[in-house]
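Protein chains in written order, with the numbering used here: chain G, 9 to 686; chain V, 171 to 486.
Take these hints with a grain of salt, some might be off.
[Stated by the list, open to error] Derived lysine-lysine pairs resembling DSS-like cross-links, with alpha carbons at most 30 Å apart:
| no. | chain 1 | residue 1 | chain 2 | residue 2 |
| --- | --- | --- | --- | --- |
| 1 | G | K320 | G | K335 |
| 2 | V | K444 | G | K603 |
| 3 | G | K11 | G | K671 |
| 4 | G | K107 | G | K67 |
| 5 | G | K620 | V | K444 |
| 6 | G | K679 | V | K486 |
| 7 | G | K107 | V | K444 |
| 8 | G | K675 | G | K611 |
| 9 | V | K486 | G | K668 |
| 10 | G | K102 | G | K172 |
| 11 | V | K486 | G | K603 |
| 12 | G | K620 | V | K486 |
| 13 | V | K209 | G | K597 |
| 14 | G | K671 | G | K620 |
| 15 | V | K358 | G | K668 |
| 16 | G | K11 | V | K486 |
| 17 | V | K444 | G | K671 |
Read the hints as simulated data drawn from the structure, not as lab findings.
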Amino acid sequence: MTKDFPRSALVWLLVSITSVMIPLQMHIPLWTSLVFILVVAWRWLMHLGRLPFPTTMIKIIVVTLGISAVIISTKGRFHLEGATTFILVASLLKVLEIKTQRDGYIVIFLSFFLLGVSFLYDQGILAALYSLIVVWLLISALVGLHQTLHRENEYKQLFSAAGKTSVQVLALSLPIMLVLFILFPRLGPLWSLNLQSSKAKTGLSEEMSPGDIAELSKSDELVFRVTFDKQPPAADTWYWRGLVLDRFKIKNGRAVWSSSGVFDQIDWYPQSWQPEMQEGVYDYRITQEASDHKWLFGLRGVAAMESGIGMKENDLITSNKKLYQRKEYRVRSQPTIAIADQGLRPFVRNQSLQLVDSSNPKSRLLAQQIMLENTSDQARVDSALNYYQANNFVYTLKPIPMQENDIDSFLFDNRAGFCAHFSSSFVFMMRSMNIPARVVSGYQGGEINPESGHITVRQYDAHAWAEVWLEGKGWVSVDPTAEVAPQRIRLGLRDSLPDGDEFLPGNNFSLIKLSNFQLLNDLRLRLDELNYLWHQSVLNFNKDKQGSMLKDWFGREALKKSLYWLAGLFCAFLLLVSAILLWPGRKKKRTQIEKSLDSLNNKLSRYGLNRKEHEGLNDYSQRLQANFPHEAASIQRLFDQLQQHYYGDQGVGDEPNLTKFIKQMSKRLTKDRSNRPQ
Amino acid sequence: MPQPSVNQKSIQQIFDTLNNVILGKETQIKLAIACLLAKGHLLIEDLPGMGKTTLSHALARALGLSYNRIQFTSDILPADILGVSIFEKESSQGNEQHGVFRFHAGPIFSQLVLADEINRATPKAQSALLEAMEEGQVTIEGETRPLPSPFFVIATQNPASQSGTFPLPESQLDRFLMRISIGYPDAKSEMELLTGIDRRKLAGELKQVISLTELNQLQEEVDQVHASTSVLEYLQRIIHFTRYEGGYSYGLSPRGGLGLLKAAKAWALIHQRKHLIPEDIQAVLPSVVDHRLADAAHQSSHGVSTQILQRIAVIK
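Just chain G, with the same shape it has in the complex:
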């Protein structure tokens, strides 16, 4: 029994689709919004009766166009954005052929799915609140699907009724949602599709060539948040190490630093080293956003504190899985520790001295000179650092692009650049002096929230500095940038740039940029705090947290297990009930006449001339006669016979003849209609 799509539900449906569409639009190609506008306009004209329902031919053309557009815009690759675009376009096109109540269901449930998809892009508290509104709209649309229009002018009442009903439904389901959220077992995904985003996540890359970090400075995207268990160390020591770049290459004449792979050996927790808890040792928790990489962040002297996290010999921690999702982990650090106890192993030493012989001769010469002038390695390091200060180097995010022998041109001609230039040239000089050195990239600084005390590190905090091996002291961190722009280290990027223009260029609406306004800044910090709480308490409420919470509440493991059983039984019960309800009842066999009537209906439905389910044959006959004046007489004859067949007292009429008559009529009517201009 198919019911017609109620006309009054269309507005709800279109509004809810729009609301689903808006957040997704930021992540998918712009042409989809054109499709959206066209579809909505088209459907509305159909609603008003200005346009007919699309014919099969038109539908095929539209679908083909849609699929080709998706393929072209995604270049045929299957990634998250492509998949999203595809399903979005598909559900938009479905709007065009909404005719029955069931079509309405399909579109609404697709919209629910799309709402879920939008959480793949943003899971912040604002997105969650927004999705509540969308859910309300979608439920209202569902309610609207079940409303009956009694009078022509009743639309308004129906709208408010649907809105109210869905508010009630949502309010009633709120406690259930909370109970399920807290108690329902967190099952791992049964299957997972490694659908990656086509856009590389902004963030550090495994290679550093000068220029990369300047790109990062344009982004205010969140990288991770840190909460120290106790008092955090001084702000200018927040060097969050992420990568050690010890391989030097020349690519297109420019210096490129990357990881060599000599530190691929990983000690997994609990085998890895851990400092004793004492003065100068910090415990902290990091909540890191998804990054598509395995590397984790930590201060110097870092140690893995959880299973699934390992330690490398170059003082870095790493995860055993790529961080496709947000990850929270505990870290312990002892920044003051001297990493020298194992000595410098030969292959590490070789790697840390590796250079390309022919490159940057002038810098090499400068290094030789410094080496000869000083006797100890420490003095050579100081002297090299001094060079930057003495020669009035300038810290800028917009240096002149450098081509061949870029280190030479940076050190002698331009003398303006940012951390990548400073660290790159410094390590180059150190290696030329035969001092083992390497570039370390990561983030420096971060913004501390005065309310909650957590530190927020964003992409524009990206930084690169150097580490040199000094006999007896081990690896020592040196930041040449700090020599030139100490304010960059002390105050962070935002406050160190001379004017606002260089900070987050092209990102005029970033709240961070407006932090000079006290009120806005407060608001921004509040929002950040709220988001932090949201992440901590809702998004990170995983299996372990749930387990420990339940244990805290009920005290026993066994109870937790029985909850799982309960949940399982509940699901089984639901499955059983729905199976019983949905079991296809034995359908009445349709007679030849009914079949041919169905086909007549299908053919005429294109012109909106199908028999409505509740419409009697007599009324339908009148309607058809009004629409096909030429055929009125034979229509009358056909329906007289049909009525006789169904309702007459003469018994069942001549079935084959009647069937034939219906088929003829169906042909004649469709021909008549298609010959007419529409």
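Position chain V relative to chain G; hints supplied.
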């Protein structure tokens, strides 16, 4: 097209006559006649002055029925409706020495009774009328007296001023086969009404169109209208919907279902058809079902039939 029988000709005559008196209200007149042919009683709910009385009077004249009107008030008593026995000391015949109780029939002893503003009366008085409607007889002082046949009650009530009224409970509304409202005339009929002669006077002057026998015959013919399995299944779906699917607190009673069938059959007969089609049911549905389910649906009483009409498939 089958040749119309004598009876069907007379139906057409009734229409023509009544349409002359009540202008522009063909549907309501048809429904009223269908109700009469189905041997049901009619409740007209409308504002004063819409032609309720004129309609019933005209109907009585055209069908040649004896006609009485009872104006219901809050102090009306059952005896005022049914009649009362009065002691007569000297009988009119004069050959009896002792006086006797003589029964003076009330206004209900009439073939067509107009119960005006039925909801003004107390339940006691209402039930006296309603019992008579159901039983076709009245029992006064232990003596059962049959009512004339045909017996047809047209009750009216005013929906607007509800203060000081006793609204009929569902059980009593159920005794009325149909409830209709007449409504304002359209502009053309209004103009005709304003320029023409007094309709009440016209109603009083109407000539009898069909004889009592013919009316009886028509009522018999209603039962002979053929209802196929297909249309009965449709009727059953409607009844089932009101009881189990529509979300009403109660559904159509078996009496309601039978009434719907009979009214639809009468409608079919009026349209000169010997078989029942779903459109007949649909046509009489609002007037038969709405007043029975108004309370059950917790909404405007017009909603129920609309919902049924839009949701029940004619052919499954």
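Here's how the hints hold up against the structure:
The straight-line distance between the Cα atoms of G:K320 and G:K335 is roughly 19 Å, inside the 30 Å bound, and the hint therefore holds. Restraint check for V:K444 and G:K603: the C-alpha separation of about 27 Å stays at or below 30 Å, so the hint holds. A C-alpha spacing of about 25 Å is found between G:K11 and G:K671, which places the hinted pair at or below 30 Å, so the restraint holds. Straight-line distance between C-alpha atoms of G:K107 and G:K67 comes to about 14 Å, which keeps the hinted pair within the 30 Å bound.
A distance of roughly 25 Å separates the Cα atoms of G:K620 and V:K444; the hinted pair therefore holds under the 30 Å criterion. Between the alpha carbons of G:K679 and V:K486 the distance comes to roughly 28 Å, so the proposed pair stays at or under 30 Å and holds. In summary, the hint linking G:K107 to V:K444 is not supported, as the alpha carbons are separated by about 37 Å, beyond the 30 Å threshold. Pair hint G:K675 plus G:K611 holds up; C-alpha atoms about 9 Å apart against a cutoff of 30 Å.
The straight-line distance between the Cα atoms of V:K486 and G:K668 is roughly 21 Å, inside the 30 Å bound, and the hint therefore holds. Annotation: proposed proximity of G:K102 to G:K172 holds, straight-line Cα distance about 27 Å (limit 30 Å). Restraint check for V:K486 and G:K603: the C-alpha separation of about 12 Å stays at or below 30 Å, so the hint holds. The suggested pairing of G:K620 with V:K486 holds, with an alpha-carbon distance near 12 Å, which does not exceed 30 Å.
Using a Cα cut-off of 30 Å, the hinted pair V:K209 and G:K597 is violated, with the two alpha carbons roughly 39 Å apart. Pair hint G:K671 plus G:K620 holds up; C-alpha atoms about 19 Å apart against a cutoff of 30 Å. At roughly 47 Å between alpha-carbon atoms, V:K358 and G:K668 are farther apart than 30 Å, so this suggested pair is violated. For the hint linking G:K11 to V:K486, the alpha-carbon distance of about 13 Å falls within 30 Å, and the restraint holds.
Taken as a hint, the V:K444 and G:K671 pair is honoured in the structure, with Cα atoms around 28 Å apart against an allowance of 30 Å.
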